[in-house]
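Chains as they are written, first to last, in my numbering: chain A, 1 to 183; chain B, 1001 to 1097; chain C, 2001 to 2724.
It is worth saying that the hints were derived from the structure and are not from the lab.
Every value quoted in this text rests on a predicted model; they were computed, and no experiment measured them.
We put the CB at the ideal spot given by N, CA and C, even for glycine.
Don't take each hint at face value.
What the hints assert, rightly or not - Label pairs and their in silico Cβ distance ranges: (1) C/Val-2694 with A/Lys-147: 48 to 56 Å; (2) A/Val-107 with C/Val-2666: 55 to 63 Å; (3) C/Val-2716 with B/Met-1095: 21 to 29 Å; (4) A/Gly-5 with C/Phe-2723: 36 to 44 Å; (5) A/Gly-5 with C/Val-2694: 54 to 62 Å; (6) A/Val-17 with C/Val-2694: 41 to 49 Å; (7) C/Ile-2676 with A/Val-107: 49 to 57 Å.
As the list claims (entries may be wrong) - Partial selection, computed: residues in chain C whose CB lies under 10 Å from chain B: (8) Ala-2696; (9) Gln-2699; (10) Thr-2700; (11) Gly-2701; (12) Ser-2702; (13) Gly-2704; (14) Val-2705; (15) Tyr-2706; (16) Ala-2707; (17) Trp-2708.
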Amino acid sequence: MDNFGLFYQFHFYLFGVIAIVAAVTFVTRKSPVAAAMWLVVVMFCLAAEYVMLDAQFIAAVQVLVYAGAIMVIFIFVIMLLNLGEASDITDVRGIWGKLLAGFVGLVLIAELGLLTRTGIPSGKYVVGRDYLGQQLARYGAVGAVAKPLYQDYALAFELTSVILLVAISGAVILGRKEFTRAR
Amino acid sequence: MLAESLGLSAILFVIGVIGVLTRRNAIIIFLCVELMFNAVNLTFVALSRYYGMGGQVFVLFVMTVAAAEAAVGLAIIISIFRHKQTVDLRNINVMKG
Amino acid sequence: MAVSGVHPLAATIAAWMWLLPVFPLLGFIINGAFSIISHAHIGPADPDMGHGGHDDASGAASHAAGDHEDSHVVGKPRFASIVTVLGPGVIFLSFLLAVGMFFAMRGVDMSTPFVQQYWSWMPVGDLKLDFAFQLDQLSMVMVLIVTGVSTLIHIFSIGYMGDDEGYARFFSYLNLFVFFMLLLVLANNYALLYVGWEGVSLCSYLLVGFWFKDKINADAGKKAFLVNRIGDVGLLTGIFLLFANLGSLDFTTLAASTGSLQVGGALVTTICLFLFFGCTGKSAQLPLYVWLPDAMAGPTPVSALIHAATMVTAGVYLVVRSSFLFSMAPIASITVAVVGAITALFAATIAIKQWDIKKVLAYSTVSQLGYMFIGVGVGAYSAGIFHLATHAFFKGLLFLGAGSVIYTMHAAYHHSGNHADAQDMRNMGGLRKAMPVTWIMMWIATLAISGVPPFAGFFSKDSILNAAFEHSNDSILSGATWLGISGHTVLLGVYVLGLAAALLTAVYMTRLMLYTFHGPSRTTETEQKAMSEAPWTMTGPIVVLGVLSLVGGWLNLPAIAAFIGPSGGLDKWLNPVVGSATIAMTNGTAVEASRGTELGLIGIAVVIAIGGIVIALLALKPATLVTKDQSPGEHGFEKVLAEKYYVDEIYEDGIVHPAFMTAKNVLWRGLDVGIIDNLFVNGSAAVARGFAWVGAQIQTGSTGVYAWGIALGAIVVLSVFSFR
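Only chain A is shown next, with the shape it has when bound in the complex:
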């Protein structure tokens, strides 16, 4: 809004462009490892964006969890299955598939634009100006996120731990070598 000076705006656009270019490159790589690396670039750019949007904790978590853990899992699996080389599998056959996908993308962008055409949000749920800044000043960067997490959304927090438990068990079971070995 208004406390975004030129510095911020310039860097916002810079990281935005880098993110888009990196994303396009990511989508067009033939090698899965190369694609994963370019995705990491996108994530770093997004982390920078988060910082500029006053979500410093999220930015840190983004780097730690997304780029540092999830992408690492991906690299692990790619290496495990030895899929790292540039594969010569051609993608969607012919030009028409790609054009159609591009058309679908354009339609989606148009619709998203239409959906957000109302502009600046207003109404009952909108918080006051500089609400974020106040929260950050009062509780600090981590506290501002932790306070609602453990107070208002405690139940959801617990449920996500259940999700993680289920995911761990699922991954272990699915990852076993032989299913037919009798136990």
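Based on the hints, put chains B and C in the right spot on chain A.
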């Protein structure tokens, strides 16, 4: 900043969608899905300026779920690879009605 | 149908009137149980079982097939002694109760009927049907006839069916029949009457097809039931019309509400014609009489009970019960009389050329029923009931006598090993020496049916024909036009047809007596030695009926014969029930013919009756007869008569066969299999399969296609939101 953030998020999301529709390698499709997640996270964070801290909290949840999903999904891809020795999507077509 | 106040009969024995049908029902249940138990124990070597007696045309066939040796042991079926007491016993109990009720009725003012409601049967919307009995003079007469004659016939059956293996079953069916017949005559409303109507049809089927192991008998039973069913459609339609227009089905309520109907209007006429169509089925008039001659395939007691005394008279009873309707519809009444007259003559012409003794009596029954319908058609309702009663006496007697003759012939044939037809008159002759009592009794019945005074039939037939003649001059019928002809002429024609039929009646009955009992015997010496009078269980009822045929006419003596005894007994008795209808029929005044006219009519009737007998005695020469096997075939018009005008064949080719072909090809193949099965059932399955096929194409199993689907779906959902 809101309009630019939302625009960037939309563009990244659409790039992810195009990737899903276009690519044939299962792992790369998965990575495109992760890209879509990131785009959505950007939207949440951008709007948290107007709607309170709930946006950022939700981003945490999204990341958690994305991690869980990545774990399970990759486990599935591993087991498919063990059976079919390929991650080509054309060959993974047994989910027929 | 509330009866205001308590009917005076409620304090008498008549309050037990519900027991009347309950006794036979109990008999049915217990005898039926015995028949099931005893059947379960029948084995091929069961020494208790005798041979199945059977007296139908196929008896010769089964004899020839050698299904039992001729020197068989005739044993009694199981439980026979209990059934012998129980079967006729329950009917006798009902008869005693009926007599008690009769005497109670005589001592009480019976201007309104005594109605006992037992439970509310079908309260549905506007229709309130109750299971209720109505006791008035008419139903009392019918109950007495039914229970009395039934008792005699049950006793007769003890001897006749004595060695039949279906002994208990026979009595259970007979008891069930009496139960339904009593329901019919005691019913308080048309619906309950219809229950009895259908019930007696059922029992007719069961009893006519009693020896169902022969296909002919089973077919006869089916024919009886189905032809009756056709008539029942008419009856049901009449009942529906009654309810739709008058809102009730009780007799008393309907009689009171006929003011809303227009006299002689289309509605009343239609209702009466439909009701009468039902009567043509049940009482074997044209065109639905064809079942009755075939029904002679049943045992002779069945023919005596059902097809002489009770079931076939249900149609006459229905018309008299509906007299309040028929007296308002002159065209319908004339139709009834005309159909009755034509049937009377038609059946009489067939009877003079039949050789089977039971067939002669069957056509005679059809003819006499025609007389009853003449009576109720011209409005002489009590005369019709009078003839119903006397006909029960002498026709029952004739059938029982024929049964005795057949029984004796069968015994003789078993003695000699002959396999000829025991029912054909050409195989009989000169039986009066062997069966004197039966011979005399059957002559009494012949004189009665021919209308010779002072026997019963004379008075009843005479009152009907006189009424036809008198009403041709002075009734609402004489003024009406029927199919363009004036009622006066039609009724005169009815009278003439009645006289002609009377002549023929005398002829064929005398012919029957001549060929059976007189003349040289066409049986062999060995057979004649084995012939004797039937046992007393069979001869006893015959004698009782003979006495009734003798004196039964005194029930309703005409005024002119008042020197014999009290006159008009039945007329006065039935007056509260049919009196208003009878008066309405004769323009509100009682018809009093002049003494001269009445003497003249009586004279004509007597001359015709005696003349017929004399003609038969002179023209027929029993000495020229030979046995059936040696008899030459018929030729010319005689053949047409003997083949009963080929009516059955005409019905078969003209109606039954096309109906069957239509049912098979159009309705079954076309409609049922083609449209319902193929188009609807299989078709809807095919449509569902088609839809499923379309849906199944979406599930290709290829993940890429699924991803496209998700993307497109997302676009669609977003469009809905973005263009709102």
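> Is the gap between the beta carbons of A/Gly-5 and C/Val-2694 within 54 to 62 Å?
Replying inline: holds (60 Å)
> Honestly, do A/Val-107 and C/Val-2666 meet the 55 to 63 Å range at C-beta?
Replying inline: Holds - the Cβ-Cβ distance for A/Val-107 and C/Val-2666, about 60 Å, lies within 55 to 63 Å.
>> Hint C/Ser-2702 vs chain B: min CB-CB distance below 10 Å?
In response: holds (4 Å)
>> Restraint: C/Ala-2707 near chain B, CB-CB cut 10 Å. Satisfied or not?
In response: holds (5 Å)
> Does the hinted range 36 to 44 Å hold for A/Gly-5 and C/Phe-2723 at CB?
Replying inline: holds (38 Å)
> Is the shortest C-beta separation between C/Gly-2704 and chain B less than 10 Å?
Replying inline: Because about 5 Å separates C/Gly-2704 from the closest Cβ in chain B, which is inside the 10 Å limit, the hint holds.
> So does C/Val-2694 sit 48 to 56 Å from A/Lys-147, Cβ to Cβ?
Replying inline: Since the Cβ atoms of C/Val-2694 and A/Lys-147 sit about 54 Å apart, the hinted range of 48 to 56 Å holds.
> Is the hinted range of 21 to 29 Å satisfied by the C-beta distance from C/Val-2716 to B/Met-1095?
Replying inline: Between C/Val-2716 and B/Met-1095, where Cβ atoms are some 22 Å apart, the hint holds.
> Regarding the hint that C/Gln-2699 lies at the interface with chain B, is the smallest CB-CB distance below 10 Å?
Replying inline: holds (3 Å)
> When you take the CB atoms of A/Val-17 and C/Val-2694, is the distance between them in 41 to 49 Å?
Replying inline: This hint holds: roughly 47 Å between Cβ atoms.
> Close enough to count: is the Cβ of C/Tyr-2706 nearer than 10 Å to one in chain B?
Replying inline: This hint holds: C/Tyr-2706 lies near chain B, its Cβ roughly 8 Å from the closest one there, short of 10 Å.
>> Quick check on C/Val-2705 please, does its C-beta sit within 10 Å of some C-beta on chain B?
In response: holds (9 Å)
This entry satisfies every hint, going by the numbered hints stated previously.
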